[in-house]
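Residue numbers (numbering that gives the first Met the number 0), protein chains in the order written: chain A, 0 to 404; chain B, 0 to 404.
It should be emphasised that the hints constitute simulated quantities derived from the structure, not laboratory data. As the structure is a computational prediction, the values presented were derived from the model and not from experiment. For each residue, glycine too, the CB sits at the ideal point set by N, CA and C. Keep in mind that a hint or two might mislead.
Partial list, derived from the structure: chain B residues whose beta carbon lies under 10 Å from chain A [as the list claims (entries may be wrong)]: (1) 15; (2) 49; (3) 52; (4) 61; (5) 66; (6) 77; (7) 83; (8) 86; (9) 95; (10) 272; (11) 368.
Computed list of lysine to any residue pairs in SDA-like fashion (alpha-carbon distance at most 25 Å, straight line) [as the list claims (entries may be wrong)]: (12) 51(A) / 20(B); (13) 310(A) / 259(A); (14) 90(B) / 141(A); (15) 366(B) / 394(B); (16) 258(A) / 287(A); (17) 90(B) / 108(A); (18) 51(B) / 89(A); (19) 90(B) / 394(A); (20) 337(B) / 388(B); (21) 109(A) / 219(A); (22) 90(B) / 142(A).
2 protein chains.
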Amino acid sequence: MALIVQKFGGTSVGNPERIRNVAARIQRACEDGHQIVVVVSAMSGVTDGLIKLAREVNPSPDVREMDVLLATGEQTTIALTAMALHALGQKAVSLTGAQAGIVTDGVHTKAKIANITPKRTRELLADGNVVIVAGFQGADAEGAITTLGRGGSDLTAIALAAALKADLCEIYTDVDGVYTADPRLVKAACKLNEISYDEMLELASLGAKVMQSRSVEFAKKFKVPFSVRSSMNDNPGTLVKEETRKMEDVMIRGISVDKNQAKINIAKAPDRPGIAARLFKPLADAHINVDMIVQNASTEGFTDVSFTVAKDDLTRARKVIEPIAKELGAGTVADFEKIAKLSVVGIGMRSHSGVAADLFETLAANKVNIQMISTSEIKISVIIDAADADRAMNAVHAKFRLGCP
Amino acid sequence: MALIVQKFGGTSVGNPERIRNVAARIQRACEDGHQIVVVVSAMSGVTDGLIKLAREVNPSPDVREMDVLLATGEQTTIALTAMALHALGQKAVSLTGAQAGIVTDGVHTKAKIANITPKRTRELLADGNVVIVAGFQGADAEGAITTLGRGGSDLTAIALAAALKADLCEIYTDVDGVYTADPRLVKAACKLNEISYDEMLELASLGAKVMQSRSVEFAKKFKVPFSVRSSMNDNPGTLVKEETRKMEDVMIRGISVDKNQAKINIAKAPDRPGIAARLFKPLADAHINVDMIVQNASTEGFTDVSFTVAKDDLTRARKVIEPIAKELGAGTVADFEKIAKLSVVGIGMRSHSGVAADLFETLAANKVNIQMISTSEIKISVIIDAADADRAMNAVHAKFRLGCP
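Work out the full structure, taking the sequences as your base and the hints as a guide.
Next comes the structure, spelled out in C-alpha cells:
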C-alpha cells in the first residue's frame, strides 16, 4: 500500500462530468489498495470569472481580499470532488488549505508555504477517507486566507507529498508528460520516461510550460518524486526524480525554445569597472528580470553589452537603459524583438565533451546565425533569429537523436 | 458613536452595481461617526447555482460537503464588498464565519450557533475598519465549515450584534419594514414604526415572511434591538425591540394570513384518555409539524378532532392518521386543502377584552364562516375558507383601524 498525492488541474475538473471522471480515477487507485490525497485547482474559467467580478467593484482590488475571493474557486472544487466520490461509494472528506494545515507567509496572491501540519489529513486517511485538499491556498499565521500565485496547486501537491512523506506525487494535467521538445514544433519529439529535477527545472524555466519552476525546486529540495501525466488517458507519463548514475548516459535530455524574449544591445560602452552594475541595478530596481547577459571583449577601451528581457518588459527596459547609456557616453541602444532562445539541456553534459561544438556545427550547417551564447553546467542556450527557431529546433533534435527509438 | 451591525441580503448584493450601492450606504454610516460591522448573504442566485452543480455530481450530496460548497457564496460577497469599500477610500476587512469566531454545533446545513468570540472583529474595528462578516456560516469545534440553514444570515447579524453588544442591528432587505398586513393583499396596510419581539414572532411565524422566527427569538433572548428596512431607499423601517408600556396601548399590531395550511378532520373519535396522544405521537415521529389542534366537546362518548399541517405534509399526514383512526374505531377521516389561517396579533390583547368578539362579529358581518379557532395570549387565529381570506383580511384590518392615520 502506497500513499499517493494526486493533483488535478483546472481543465481536468472543468465541469461536473470531468469531476465524475476524476473521481472514478481516484477510486481506481483506492481499489488498487493505495491511500490517496487529492489536490484540486479551481474549475477552468472560474478564477478568471472571479477576477472579472472583482474588477467590476474595484479596478485595483486589494490583494488580501483578492485571496479571500479566489480561494472560493478551489473550495468549490473540493466539495464537488468529495461528493462525486461519495456517489461512487468511496469515503472522502474535503479540506481547505487552512484546514489542511498549510501555513504560509502573509504575502497575499503570491504567498510562500512556511510549513504544513498534516495531522488532520493523516487522521482522515487512517479513517479510510480520500482526503481532498484545495490547491493554491493556505492561511498565514493570523489565519487570513492566502494564495500561492501561479502554479500554486502543483506546489500544494508537492509540499503535501513532502509533509506526508508520500511515496509518489502524480500531477495530472492536459499533456501526456515531458517531451524531448515541444511536440507542436518538433514532430519527432519523444515523451521522456524519466528526467532529473535539474533537467526539469531547466526545461520548465525555458518554456516547457508543464510546471512552474518553484514546484520543481520544492520537489528537488525535499526529494519528492513526482510524475507528470494526462488526466484524459492511462499513459504512464514522465517521472521526475533525483538524478541517478544511469541518467548521465543520456547526454541531452531535451530541447526547448523560448520566443518570448527580446534583446537589447548597447554599443560601445566604456569598458571600466562598475559599468555592468550601473546598467543592471536600475533594471533590477524596476523589477525587470534580465535573463542572458553577454559582454564582448574590449576593443580600445569600449565593449558591447547585450542582454535579454521578457518581450513585455522591452519598452520599460529601453526607457531605463537609454538615459544611462547616454550618461556613460556609450553608443547606440538598439532592441531586437524577433529573436528566440534555443536551449539544450542534459545532466550528461557534465561528463560528455563536445556538446557545444555539435550544437554550433548543426546550427551552422542549417545556416542559423548565433547572436548570443550562454552556458551552464547542464545547459547551453543560444539566441537566434525567431524565423530560424523551428528549423533549428528540428535540426538539433535530430542531431542529438532525441526522437523515439 | 454607535456600534451598528448591518445585514444585507442576497438581492441587495445581487450584482456588482448593487454591491457598490451597499458600500456607499455603509460608508455614509461611517461618515456619521459609527463603527460598522456588515453581514452579507450570497449574491442572489449563487446558492441555487451551487446546489444545481452539486446535484450534477451527486443526486444526494453529503451535508458536510454541501456546507463547504455553499459557504463559498458568502465568502465571495464579503471579498467583493470589502473591495467596493476600498474603492470609496474606506478601510475594510472581510472575515469568513470561522474567522469571525462563529462556533456552531456540528449539524451540517442547519447548525446552531454555540458561541461567538468576536476578538478579531473588535481588533479590526478598533483599527478603523469596517468588518465584513460572511453570513449563514460558521465552523464546528473541529473547524469543519457549517451553515445555519434558512434565514441564517439574519441570525449571524443578530448573534454578532449580541456578542459585540452593538447598539443596533439593521436588517436590510427588499421590503420597507413590517406592515400591519401584507400590502399585496391589503391596500390600506400601514408600515409599523415599532413592534415588540413577541408580536414580530407571531407575525413572522404566521407568514409575514420578513424574517425567520429563529432570528427574532435569538434577538429577544439577548435583547438585541433591530430594525428591518429597505436597502433600496432611506426609509427608516420598523424597529423590533423589547416591549414597552406604551406598546400596550395598541390592541392589535397586525394581521397575517397563512394559505399554506391544510386541515384534517377525524369524525367521531372515541372520547377517552390517551386518544390525542395516540393520534399525534405518530405524526411527530414522522416529523410532521401540527399547528392548530381543536377537539370538540364530547357527544355520547365521541368527539371530533381537527388539526392543521403544512399543505406539503397533507398526504403523508393522512397516511399516518388513517390506519390509527380505523384502529380506534373512529369515523371518516377528511381533509381540506382550501383553507386559510387568519391571525390578529397584539400584546395589547392582554389588557384589552373584546378582541375576539370584535373579530368574530366582523367575520360574521362579512359572511365568513369560521371552521376552527385557536387563541394565545397575544394572538387569535381562525381557520376560514381560502376563498374568503382576502376579503376577511381587509375587513378585519379596517375594523381594528390598522390603516395609516
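Hints, one by one, checked against the model:
no.	hint	in the structure
1	15	holds, 4 Å
2	49	holds, 7 Å
3	52	holds, 6 Å
4	61	holds, 5 Å
5	66	holds, 8 Å
6	77	holds, 7 Å
7	83	holds, 4 Å
8	86	holds, 4 Å
9	95	holds, 8 Å
10	272	violated, 48 Å
11	368	violated, 51 Å
12	51(A) / 20(B)	holds, 18 Å
13	310(A) / 259(A)	holds, 5 Å
14	90(B) / 141(A)	holds, 19 Å
15	366(B) / 394(B)	holds, 11 Å
16	258(A) / 287(A)	holds, 17 Å
17	90(B) / 108(A)	holds, 19 Å
18	51(B) / 89(A)	holds, 22 Å
19	90(B) / 394(A)	violated, 59 Å
20	337(B) / 388(B)	holds, 10 Å
21	109(A) / 219(A)	holds, 20 Å
22	90(B) / 142(A)	holds, 19 Å
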